[in-house]
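Trainee: One line per chain: the protein sequences are L and P, in this order.
Throughout the first sequence, residue numbering follows this note's numbering, covering 16 to 363 in sequence.
Throughout the second sequence, residue numbering follows this note's numbering, covering 16 to 363 in sequence.
One or more hints might be untrue.
As the list makes no split between identical chains, a pair holds if one copy fits it or if it spans any two.
In the DSSO-like style, the derived pairs of lysine-lysine whose C-alpha atoms are separated by at most 30 Å in a straight line are [stated by the list, open to error]:
| no. | residue 1 | residue 2 |
| --- | --- | --- |
| 1 | K80 | K274 |
| 2 | K246 | K80 |
| 3 | K80 | K235 |
| 4 | K246 | K85 |
| 5 | K80 | K18 |
| 6 | K85 | K235 |
| 7 | K274 | K85 |
| 8 | K246 | K18 |
Simulated from the structure, these hints should not be mistaken for lab results.
Chain by chain, the residues:
Number of protein chains: 2
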Amino acid sequence: MAKLLGRSTYRMENHPTILSSSAVGGGMERDGPLGSCFDYTDHSGMFGEDSWEKAENKMQQLALKQALHKASLQQEDLNILFAGDLLNQCTGSSYALRQFMVPFLGLYGACSTMSESLLMASVFVDSGLADRAGAITSSHFCSAERQYRFPLEYGSQRPQTAQWTATAAGAVLVGRGELHESGRRIEVVHACAGVIEDPGITDANNMGAAMAPAAACLLKRYFIESGTQPKNYDRIFTGDLGQVGSDLLYQLLERSHIKIDDRHDDCGLLLYDRQQQDVHAGGSGCGCSAAVLAGHILPSMMMGKYRNVILAATGALLSPTMVQQGDTIPGISHLVHLRLVDGKEGAH
Amino acid sequence: MAKLLGRSTYRMENHPTILSSSAVGGGMERDGPLGSCFDYTDHSGMFGEDSWEKAENKMQQLALKQALHKASLQQEDLNILFAGDLLNQCTGSSYALRQFMVPFLGLYGACSTMSESLLMASVFVDSGLADRAGAITSSHFCSAERQYRFPLEYGSQRPQTAQWTATAAGAVLVGRGELHESGRRIEVVHACAGVIEDPGITDANNMGAAMAPAAACLLKRYFIESGTQPKNYDRIFTGDLGQVGSDLLYQLLERSHIKIDDRHDDCGLLLYDRQQQDVHAGGSGCGCSAAVLAGHILPSMMMGKYRNVILAATGALLSPTMVQQGDTIPGISHLVHLRLVDGKEGAH
Numbered sequence: 016m017a018k019l020l021g022r023s024t025y026r027m028e029n030h031p032t033i034l035s036s037s038a039v040g041g042g043m044e045r046d047g048p049l050g051s052c053f054d055y056t057d058h059s060g061m062f063g064e065d066s067w068e069k070a071e072n073k074m075q076q077l078a079l080k081q082a083l084h085k086a087s088l089q090q091e092d093l094n095i096l097f098a099g100d101l102l103n104q105c106t107g108s109s110y111a112l113r114q115f116m117v118p119f120l121g122l123y124g125a126c127s128t129m130s131e132s133l134l135m136a137s138v139f140v141d142s143g144l145a146d147r148a149g150a151i152t153s154s155h156f157c158s159a160e161r162q163y164r165f166p167l168e169y170g171s172q173r174p175q176t177a178q179w180t181a182t183a184a185g186a187v188l189v190g191r192g193e194l195h196e197s198g199r200r201i202e203v204v205h206a207c208a209g210v211i212e213d214p215g216i217t218d219a220n221n222m223g224a225a226m227a228p229a230a231a232c233l234l235k236r237y238f239i240e241s242g243t244q245p246k247n248y249d250r251i252f253t254g255d256l257g258q259v260g261s262d263l264l265y266q267l268l269e270r271s272h273i274k275i276d277d278r279h280d281d282c283g284l285l286l287y288d289r290q291q292q293d294v295h296a297g298g299s300g301c302g303c304s305a306a307v308l309a310g311h312i313l314p315s316m317m318m319g320k321y322r323n324v325i326l327a328a329t330g331a332l333l334s335p336t337m338v339q340q341g342d343t344i345p346g347i348s349h350l351v352h353l354r355l356v357d358g359k360e361g362a363h
Numbered sequence: 016m017a018k019l020l021g022r023s024t025y026r027m028e029n030h031p032t033i034l035s036s037s038a039v040g041g042g043m044e045r046d047g048p049l050g051s052c053f054d055y056t057d058h059s060g061m062f063g064e065d066s067w068e069k070a071e072n073k074m075q076q077l078a079l080k081q082a083l084h085k086a087s088l089q090q091e092d093l094n095i096l097f098a099g100d101l102l103n104q105c106t107g108s109s110y111a112l113r114q115f116m117v118p119f120l121g122l123y124g125a126c127s128t129m130s131e132s133l134l135m136a137s138v139f140v141d142s143g144l145a146d147r148a149g150a151i152t153s154s155h156f157c158s159a160e161r162q163y164r165f166p167l168e169y170g171s172q173r174p175q176t177a178q179w180t181a182t183a184a185g186a187v188l189v190g191r192g193e194l195h196e197s198g199r200r201i202e203v204v205h206a207c208a209g210v211i212e213d214p215g216i217t218d219a220n221n222m223g224a225a226m227a228p229a230a231a232c233l234l235k236r237y238f239i240e241s242g243t244q245p246k247n248y249d250r251i252f253t254g255d256l257g258q259v260g261s262d263l264l265y266q267l268l269e270r271s272h273i274k275i276d277d278r279h280d281d282c283g284l285l286l287y288d289r290q291q292q293d294v295h296a297g298g299s300g301c302g303c304s305a306a307v308l309a310g311h312i313l314p315s316m317m318m319g320k321y322r323n324v325i326l327a328a329t330g331a332l333l334s335p336t337m338v339q340q341g342d343t344i345p346g347i348s349h350l351v352h353l354r355l356v357d358g359k360e361g362a363h
């Protein structure tokens with residue numbers, strides 16, 4: 016049974032373990048620095064479907080099927096799926112996952128969904144409510160752009176603060192796992208649920224600034240509640256703050272004398288090559304942190320590159336309707352702490 | 016620590032208890048058979064705001080504040096809030112709850128959100144991850160109608176299968192509660208997470224038929240996994256199947272020789288007087304089951320009218336975009352089993 020630390024930090028007690036992960040992406044993602052990390056890519060971003068929304072469904076299905084395959088599991092072996100996405104009514108998840116006959120608890124955390132779903136999956140496994148649980152999310156540049164900003168055909172200019180919604184999906188399976196054949200496994204050690212922070216941003220092309228305060232408050236509180244410091248982690252990944260949001264995060268944390276810039280990476284800055292690819296302030300979207308986690312962070316940990324990692328995915332709770340009514344864009348962030356465990360250290 | 020029964024039925028072991036509940040509604044709801052059950056109503060449905068979306072935010076805020084007040088709690092006393100709603104990007108919840116500095120895990124279960132959020136709140140309290148947790152949701156006829164169907168000004172005719180989205184919000188607080196001064200309390204005993212079922216309905220004015228199969232499958236599996244039968248419950252409430260969906264539910268359950276019509280009520284049929292109010296097949300919306308639970312079911316239990324109750328809220332995962340692309344409307348349902356405990360039976 017996980018233990019509550021402080022207000023909303025959860026310390027796992029039963030070693031919820033990453034069983035497998037899978038990343039799916041489009042052409043831009045394949046051409047980026049992490050292109051080789053994807054299990055499946057489609058240059059057209061259509062994945063054989065006739066609409067962007069259906070393509071996004073297909074990405075989630077491919078990611079989940081591949082994650083099940085890697086863990087040698089069938090859909091019957093999963094007790095529960097946690098998923099959400101950016102599409103209205105979260106159809107990227109619900110329409111994708113209706114073909115799997117697995118109990119489903121839908122989430123909405125905007126681009127923080129990967130850490131929210133992994134938090135939930137870990138808590139359910141740790142508390143004995145699931146033997147195996149899945150955490151899945153996705154985003155698609157084309158379906159997001161037309162829903163949140165302008166029709167693509169309009170060809171609107173994007174300011175330098177704008178981010179590029181990743182065409183990507185990631186799935187992670189969690190269980191009371193056995194050691195990998197390499198004698199290693201990755202456990203979820205802590206998770207922390209964030210508070211909504213609204214810094215008053217009204218520009219849908221400046222998501223980084225809308226999300227940075229939520230990430231800063233979350234990290235600050237997490238370090239206190241878990242009794243840890245940045246130096247206890249090899250790497251701290253934020254979800255998709257991009258360059259603008261990352262710079263702002265450092266400034267906000269500095270006020271509390273917390274320094275993370277020597278060990279911080281942002282998934283939105285890892286996914287694309289900003290010199291070669293026209294993504295402006297970096298990548299974003301639920302699929303961004305999901306694919307970077309599934310395709311890059313977890314495999315890097317298994318290779319021994321990092322032992323202790325924080326993933327703090329960040330979400331802008333952006334609503335075109337509310338922004339049209341003159342309202343601002345609140346942000347949220349949730350985090351998980353992942354640890355590489357060698358066979359000899361295992362508590363199993 | 017809650018115990019897993021079967022695939023996704025959770026038996027609580029630490030007596031998560033309803034601390035308080037509050038219901039807020041509009042004019043139609045005040046004029047209905049449960050009008051006196053609301054803590055707060057506004058005939059105009061505007062709640063002092065200048066847009067329907069902001070009015071929906073206000074309803075959630077009023078419901079949460081009132082629930083906190085009834086339990087003599089401050090927002091600082093809550094570890095976590097679970098909430099979601101029907102508005103795009105779930106802004107009914109996120110924009111409402113940003114003014115409360117409480118950790119927030121956003122959900123999307125369409126009209127099943129009340130039982131999904133109460134499931135989560137109960138699991139977190141039972142597993143020791145929260146001392147006190149909140150479950151909140153809302154819907155608003157005007158914001159829903161223009162988002163899902165037609166602009167209100169268009170004055171479109173509604174077929175007899177159509178349901179009326181409730182202008183209502185409900186908040187329920189869960190904790191490791193002490194006995195009420197009456198010597199009674201209501202505990203969450205079981206919860207069960209449902210599977211997405213898609214019966215192939217394409218008509219956004221026939222939500223009951225889209226949701227009934229999900230409710231039937233959930234109830235059938237729950238009775239098996241929990242080892243209980245309909246006769247173990249005084250009342251089984253479904254969320255918002257309306258008349259069309261309720262009739263279909265009986266037919267579907269009869270195939271498995273399960274009979275619930277002698278102890279079944281549908282929140283969508285309780286909220287309005289279909290003889291006097293022009294709601295066609297009944298009420299719907301996240302706020303429907305939320306307000307009926309908070310304002311009617313829980314108070315009726317505390318008065319001793321029912322001892323064992325199932326609430327199976329039902330959600331149509333309807334997306335106008337997907338329906339425009341020729342796709343169908345999947346449904347989902349989650350349930351909680353509530354029990355009235357007298358002082359003498361208490362395990363505390």
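Trainee: Each hint needs a verdict: does it hold in this structure or not?
Mentor: Now for the hints, and whether the structure bears them out:
In this assembly of identical chains, K80 and K274 lie within 30 Å of each other by CA distance neither inside one copy nor across copies; the values are 40 Å within and 37 Å between. In this assembly of identical chains, K246 and K80 lie within 30 Å of each other by CA distance neither inside one copy nor across copies; the values are 37 Å within and 40 Å between. In this assembly of identical chains, K80 and K235 lie within 30 Å of each other by CA distance solely across copies; the values are 27 Å between and 37 Å within a copy. For the homomeric pair K246 and K85, neither the shortest alpha-carbon distance inside one copy (33 Å) nor that between copies (44 Å) is at most 30 Å.
Taking the closest pair of Cα atoms, K80 and K18 come within 30 Å of each other only across two copies (28 Å); inside a single copy the shortest separation is 32 Å, beyond that limit. Taking CA atoms no more than 30 Å apart as the test, K85 paired with K235 passes in neither setting, with 36 Å inside one copy and 32 Å between copies. For a Cα distance limit of 30 Å, the shortest separation of K274 from K85 qualifies neither inside one copy, at 37 Å, nor across copies, at 43 Å. In this assembly of identical chains, K246 and K18 lie within 30 Å of each other by CA distance solely inside one copy; the values are 23 Å within and 37 Å between copies.
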